[in-house]
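Asks: What follows is each chain in one-letter form.
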Amino acid sequence: MEWGLYVHLPFCRRRCSYCDFPIRVGAGSAEMAAYVGAVLREGAQQRERWAIADPPTTVYLGGGTPSLVDPGEVERLLEGLGRIFGGLGREVTLEANPETVDGNRPARWRQAGINRLSIGVQSLDDRLLAAMRRPHRAAEARAAVAAAKAAGFENLNCDLIYGWPGQSLGTWAATLAEVIRWRPAHISCYQLQVEPHTPLAHSQLPGPGDEAEEALRAAMGDLAEQWLEAAGYRRYELSNFARPGFACAHNQGYWRLRPYLGLGVGAHSFWAGRRWWNLASVRRYVAALEAGAGVEAGGEALDPVELMRERLWLGLREREGVERTAFFAQFGLDWNQAFGRTVARLQALGLVVDTGDRLCLTRRGREVANVVARALVDAPWEGAEAATAAPVAFP
Amino acid sequence: MDPRRIRNFSIIAHIDHGKSTLADRLIERTGALDPRQMTPQVLDSMDLERERGITIKAQAVRLEYALGGETYALNLIDTPGHVDFTYEVSRALAACEGALLVVDAAQGVEAQTLANLYLALEHDLAIVPVINKIDLPNADPERVREELIEIGLDGTEALLVSAKQGIGIDQVLDAVVQRIPPPSGSPEAPLKALIFDSRFDSYKGVVVYLRVVDGRVRLGDRIRLMSTGKDFTVDELGVFRPHPTPVEELGAGEVGYLTAAIKAVADTQVGDTVTLADRPAAVALPGYRPARPMVFAGLYPIDSAEYPRLRDALEKLKLNDAALTFEPETSAALGFGFRAGFLGLLHLEVVQERIEREYHIALITTAPNVVYEVVLQNGAVRRIDNPAALPPAGEIREIREPVVEATIIVPSDYIGPVMELAQERRGTYQSLTYLDPRRAMLTYRLPLGEIMYDFFDQLKSRTHGYASLDYQFYAMEPADLVRMDILLNGEPVDALSVIVHRDRAYAKGRALVEKLKEVIPRQLFEVPIQAAVGGRVIARETVKALRKDVLAKCYGGDITRKRKLLEKQKEGKRRMKAVGSVEIPQEAFMAVLKVDEGR
Chain D
5 MEWGLYVHLP FCRRRCSYCD FPIRVGAGSA EMAAYVGAVL REGAQQRERW
55 AIADPPTTVY LGGGTPSLVD PGEVERLLEG LGRIFGGLGR EVTLEANPET
105 VDGNRPARWR QAGINRLSIG VQSLDDRLLA AMRRPHRAAE ARAAVAAAKA
155 AGFENLNCDL IYGWPGQSLG TWAATLAEVI RWRPAHISCY QLQVEPHTPL
205 AHSQLPGPGD EAEEALRAAM GDLAEQWLEA AGYRRYELSN FARPGFACAH
255 NQGYWRLRPY LGLGVGAHSF WAGRRWWNLA SVRRYVAALE AGAGVEAGGE
305 ALDPVELMRE RLWLGLRERE GVERTAFFAQ FGLDWNQAFG RTVARLQALG
355 LVVDTGDRLC LTRRGREVAN VVARALVDAP WEGAEAATAA PVAFP
Chain W
27 MDPRRIRNFS IIAHIDHGKS TLADRLIERT GALDPRQMTP QVLDSMDLER
77 ERGITIKAQA VRLEYALGGE TYALNLIDTP GHVDFTYEVS RALAACEGAL
127 LVVDAAQGVE AQTLANLYLA LEHDLAIVPV INKIDLPNAD PERVREELIE
177 IGLDGTEALL VSAKQGIGID QVLDAVVQRI PPPSGSPEAP LKALIFDSRF
227 DSYKGVVVYL RVVDGRVRLG DRIRLMSTGK DFTVDELGVF RPHPTPVEEL
277 GAGEVGYLTA AIKAVADTQV GDTVTLADRP AAVALPGYRP ARPMVFAGLY
327 PIDSAEYPRL RDALEKLKLN DAALTFEPET SAALGFGFRA GFLGLLHLEV
377 VQERIEREYH IALITTAPNV VYEVVLQNGA VRRIDNPAAL PPAGEIREIR
427 EPVVEATIIV PSDYIGPVME LAQERRGTYQ SLTYLDPRRA MLTYRLPLGE
477 IMYDFFDQLK SRTHGYASLD YQFYAMEPAD LVRMDILLNG EPVDALSVIV
527 HRDRAYAKGR ALVEKLKEVI PRQLFEVPIQ AAVGGRVIAR ETVKALRKDV
577 LAKCYGGDIT RKRKLLEKQK EGKRRMKAVG SVEIPQEAFM AVLKVDEGR
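Chains as they are written, first to last, in this note's numbering: chain D, 5 to 399; chain W, 27 to 625.
Since the hints were derived computationally from the structure, they do not count as laboratory data.
A couple of the hints might just be wrong.
Said to hold, decoys possible - Computed far set for chain D versus chain W, every beta-carbon distance over 10 Å:
1. Ala-37
2. Leu-44
3. Tyr-258
4. Ala-373
5. Arg-378
6. Pro-384
Unchecked claim - Ranges of calculated distance between the beta carbons of each label pair, as one might list FRET restraints:
7. Ala-291/D to Lys-190/W: 54 to 60 Å
8. Ser-253/W to Gly-344/D: 46 to 52 Å
9. Lys-570/W to Ala-143/D: 56 to 62 Å
10. Arg-53/D to Glu-593/W: 26 to 32 Å
For every residue, glycine included, the Cβ atom is placed at its ideal position computed from N, Cα and C.
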């Protein structure tokens, strides 16, 4: 069985102004070590609970700033997880902040089993980095990429953010051009999303409805697509670009509705048609696991129809779209049987296209993917009674 | 009961001058309710009334008060406090022999004070002036006395009261007994009772509020409603103390209620006369007229599947609201709905809110319009209550619109701005008189269509809140009116058509398309908005196409949250009506009310 293992390492030096993730600022190494121990306990708990026999297909250490954790602890974590689950799969990613990719750390990560590094470059404009309250500057990003390459990391991702208030097309183009010159295997370009309850949301910002601002952001997105595709990076997902063979297998699992376990504070899991999430407080998380208790904070059960909807709106984020045979194998019917009228309407609007073997967003559909997603999140169910009763291919 | 020991009276006042508080004090003082049962504004029983601080329905309560060794029954008949309900006020006053005219000691005489006074004088009521809120630091009772004299009252007889502090309440009760005459009807004549209000009760049917003028009505009597000739058997009689208290009979001069298994308040219209079926009165009491809606709007369910539920809701509301009218209507843009008639905008808002709140039906309400009379070339006259139904210009000889006579009271410094405003709204000047050296009363004739939306707000803002307004219907008068159509994406949207004065069409069209551009969200494609008169486009704006709408990140931890976000956004969309391929929010239909023509 294919499944993904996510571990949340919430430690950060400070909170970036756009961040709304569960993070922990100012933890010492003892706390981090205790946390790693707790994560391993949770892993063992989950393996037993679900009687998981297969090792994960992919592992992703996300954060937070996982690279802030002592490499020795990373090693202990991966070794422990490998033991619990009988292996770590083919893609093991670590998220890293540029200022932490130095010394012998990259080499030790490789040694521990990390084979993919995702570096939070965000921008190469120091003024923007300061406005983002990033703990690094452009020079450190350049050095980090060089150090990662030197340590032998071939599968390297650079995260970039565009559409920052006051950012010009020129500064974005400069960042993009330089990052392309580095030739990382993978580049993610995220348009800034102002999440509520972030320092950014509370600061003074020009209104998002401004037509000129919106046109500028759209131009930045178009520029990224043009330059990256021309440089041999394929836009395989709405915000993700990769050279052939380097798409992030772990993230593809999310869009394809594969099961995943999320360990650590605030981590989400999706298993057996149910999604749940963990306690957000490190202290309570560690205490619960040390006491042998569960750490689930909340959850939701999704029925087969809801799962089909998610499969479609998430799957359409991928350039490949949703494969007809894969959808049929998962649910035992075709999307035209399930949501034929909604799909037909989206086709008539020119937002999706059914190529026969797959359902994909059109070029216009990629610009307004939320219009498609909104239509699908509660698309009226048209399937026959028999179809809902059909076995659903889920663990 | 001996009519000599009955007093029937109302309290009339400008809004916020303290009518409800005074009523509360009178009820408390006479022990009709003990203080623990008192909620502020006892007489305003609908939640909406308390929220909005206005009385929508009239009520009546019997107070017992002893003076000079005699016990008197004082029937306090509350009146609606809004210009939409002037007719209801006049019927409530017709049930009385006197009125307390409450004037705020700081504010002085206002437009509604005057309008209500004139209504009371039309019914020949004894007026007891009450200067309220004398406890306020800026109270100026002497100035108010002078103003009362100016409007023809004996200011020296005014009572000084603070209802809030309970000052002067006994003097008010004494004055009700001593200065308001007892009722003078004949107990032996055939029954004549005036209906001044009614409300629907799901157990008893309609509860009719009435004032017996002549004769008497007893439990079990067969009664007849004179406007319709319909007969019913009285199954309950009572008085409000203020809780309903059954009695065996109500005699001449008394005020109370009856129930008679009546199904809808439309059968018991305010102003109608109740008599006995076997000994009917020869003529009905004067002044009855059926409730006549002045303002019309289309009510459409956002989800067309809710049409039958909307009809049920309207039918239920109609049980308790004789003034509400509705007829099925079809709009090319909005589908099946109803054209509903209202006494005024407040009445419309109340109905709209009750449908949404009590029946949970999401509504699109089209911009309200007045009723027009169209004289066709062949001389036939048609009443048009929907702009979309206006016949082609070639068939029309004349269009008439309702005109009101408006009274505006304002500090003399603001006479200029008020006259300017009235001029802009096509007003015709009638008169200007001074109440005192600092305050003036202006009268204008104004088209109702020009003042029903934002006139009052404009008046308030241009006079720093000092002006007060009251108006009543004057006549239907011809005007140079045209229909302006709005086209979205090249298609006319019938529900957005408005009737405007020809000289105003251009400015209004410009302002309207600009406002629509603001309120119509961006769609997948560009949406041109045009205003046209007689097929000629006079203004145009464009809503640009949605450029980009994408969630940047969606990974394992985001899915649940992002799905909820998308669902929430969709919920917002559900509040919109799809007209052709364009999604239009409710605000668009009300845009015409909110446009600023830059005048």
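Asks: Is the gap between the beta carbons of Ser-253/W and Gly-344/D within 46 to 52 Å?
Replies: Since the Cβ atoms of Ser-253/W and Gly-344/D sit about 58 Å apart, the hinted range of 46 to 52 Å is violated.
Asks: Measuring from beta carbon to beta carbon, are Ala-291/D and Lys-190/W in 54 to 60 Å?
Replies: 58 Å, holds
Asks: If I take the minimum Cβ distance from Pro-384/D to any residue of chain W, is it greater than 10 Å?
Replies: Pro-384/D clear of chain W: closest Cβ-Cβ about 13 Å, beyond 10 Å.
Asks: Holds or violated: 56 to 62 Å for the Cβ distance of Lys-570/W and Ala-143/D?
Replies: 41 Å, violated
Asks: Minimum C-beta separation from Ala-373/D to chain W exceeding 10 Å: can you confirm that?
Replies: At about 5 Å from chain W, Ala-373/D fails to clear the 10 Å cut-off, so the statement is violated.
Asks: Quick one: work out the minimum CB distance from Leu-44/D to chain W and report holds if it exceeds 10 Å, violated otherwise.
Replies: The assertion about Leu-44/D holds, with a minimum of 20 Å to chain W.
Asks: A cut-off of 10 Å on Cβ-Cβ distance, and Ala-37/D was said to be off the interface with chain W. Does that hold?
Replies: Given a closest Cβ separation of 24 Å, the condition holds.
Asks: Is it the case that Tyr-258/D keeps its Cβ farther than 10 Å from each residue Cβ in chain W?
Replies: 5 Å, violated
Asks: Beyond 10 Å from chain W, beta-carbon-wise, is Arg-378/D?
Replies: The assertion about Arg-378/D is violated, with a minimum of 5 Å to chain W.
Asks: For Arg-53/D and Glu-593/W, compare the CB-CB distance with the range 26 to 32 Å and indicate the outcome.
Replies: 30 Å, holds
The earlier numbered hints that this structure contradicts are 3, 4, 5, 8 and 9.
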